[in-house]
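Chain order of the listed sequences is A and B.
So the first sequence is residues 1 to 160, counted in the UniProt record's numbering.
So the second sequence is residues 1 to 273, counted in the UniProt record's numbering.
Among the hints, erroneous ones may be present.
Covered stretches of chain B, as calculated for chain A (at least 3 residues, CB under 8 Å) [claimed, not checked]:
1) 17–30
2) 61–67
3) 111–122
4) 261–268
Computed Cβ-Cβ distance ranges for the label pairs, DEER-style [claimed, not checked]:
5) A:A12 - B:R167: 38 to 44 Å
6) A:A12 - B:K241: 49 to 55 Å
7) B:K241 - A:C101: 33 to 39 Å
8) B:N132 - A:T128: 18 to 24 Å
9) A:T126 - B:P20: 27 to 33 Å
No wet-lab data here; the hints were simulated from the structure.
C-beta: ideal position from N, C-alpha, C; glycine also.
The chain contents come next:
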Amino acid sequence: MTLTVSFTINGAPVSTAVHPETVLADVIRDEFQLVGCKVGCDQAVCGACTVLVDRIPMAACSTFAFEAEGRDIVTIEGLARPDGTLSAVQRAFLDVQGFQCGFCTGGLILLVTALLERDPDPDRATITDWLGSAVCRCTGYLAIIEAVETAARLNREVAA
Amino acid sequence: MTSSEPPPLVALRGRQRIAPFALVRVGDTAAAAEAALAGAVPMGGGVDLVDRMKFGERIERLMPLSGLALGGVEATEGGLRIGATTTYAALAESAEAARLAPAFARLVGGVANPRIRMKGTVGGSVMSQKPNFDVWPALMALGADLVFADGDGEARLPAAALAPDERRLLLAVEVPAGADARFAFDRSLRPIVSVFAGREAATGALRLAVGCAHQRPLLLRLAAGETDVAAAAAAALPPPKSDGLASSTYRRRMVGVLAARLARILPGPDAAS
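Okay, chain A solo, but in the shape it has when bound (with noise of 0.2 Å):
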């Protein structure tokens, strides 16, 4: 049995017909080749397929895809502008090599970038309560930490 799931995807509104059982980052990856989602644990716990839904953060290895309807998905293909400008939350973990091997760093800059339209200053507990949504076995988080503090700054000079 399959049934038809109809939602945007980086702006753009699209339709597929899926098993109940298959998994949102299924989707993603293999129906539209969008993957930079990752699937690492693929227990809703390391972060990596991170994806946001309604500009919420959701593990796409754990959310079915038929949760999908109707709603608004952003990947990590979807942040920079169409001419290419990196969002602020990218171009800061690029400028502080916020990353190393990169597998983790798709689902930590939607991560961040939720982070930041909720709280654009947030303090280093909130931080690092936030990045315990995911997990990067290369940098240590500290690199990292400081690209979420850079992103906030690079915000607030935007604003200004």
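We have chain A already, so just place chain B on it with the hints.
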């Protein structure tokens, strides 16, 4: 596949296959309650359920509760009513919860991480009956009720009386007025043990809900005036499990230690123990 195409990556991703199931769509709470009694498995945020399905649990019929009016936090005459599909994040950020159950709200706001808290629901946490989850034992210690759909109305059940095979649809949980002021918890030894304590207003007895140590969380009750809370709690505890994290003996001892700490910070007749 032509030779120019890259090989499929599936084998590299360690994906767990979820067994096929039928999706049960319902339009209102009454239909959901009926479907639940008929065997459809309700899904709140799915945080626990999807995990279990990935690890092989077969569910024939899955019923998502999103879209039903089962969320929200409201003050009632009796205390605080929390809808079953209220997320951890919504509860932690609720002004009513901050006013009427600040310690419980603080507990919920510290569980897991923001991504999980924005998807996981209070009802899902309770009904999973997982030993390591925090909401259900906290509700036991608070003396809270679980509110189930029951015919055309509601049925209330003390949180500690939840049966393993409960199939009725959970509508809400209700925290009694004033209970939060006599509630404390210690998760510092999680996932070995966690202890949630509440003081009964009428009797002064100590309710101790113990998580992580058995197949399901459980509730102990120590009479008011107990002079050695640590010994009494350890003695009253059914044999805890032994696993790679800790022995049964260690768990029993730590339940006593944490219970005594909590008793000291909760005002009551055995506060000096």
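So, going through the hints one by one against the coordinates:
1. 17–30: The restraint on the stretch 17–30 of chain B holds, since 6 of its residues have a Cβ under 8 Å from chain A and three suffice.
2. 61–67: holds (count 3)
3. 111–122: holds (count 7)
4. 261–268: Contact hint for the stretch 261–268 of chain B vs chain A: violated, 0 residues under 8 Å.
5. A:A12 - B:R167: 38 to 44 Å: 42 Å, holds
6. A:A12 - B:K241: 49 to 55 Å: About 50 Å separates the Cβ atoms of A:A12 and B:K241, which means 49 to 55 Å holds.
7. B:K241 - A:C101: 33 to 39 Å: Since B:K241 and A:C101 have Cβ atoms about 38 Å apart, the given range 33 to 39 Å holds.
8. B:N132 - A:T128: 18 to 24 Å: 22 Å, holds
9. A:T126 - B:P20: 27 to 33 Å: Given about 41 Å between the Cβ atoms, the range is violated.
Violated hints, in rising order: 4, 9; the structure is consistent with all others.
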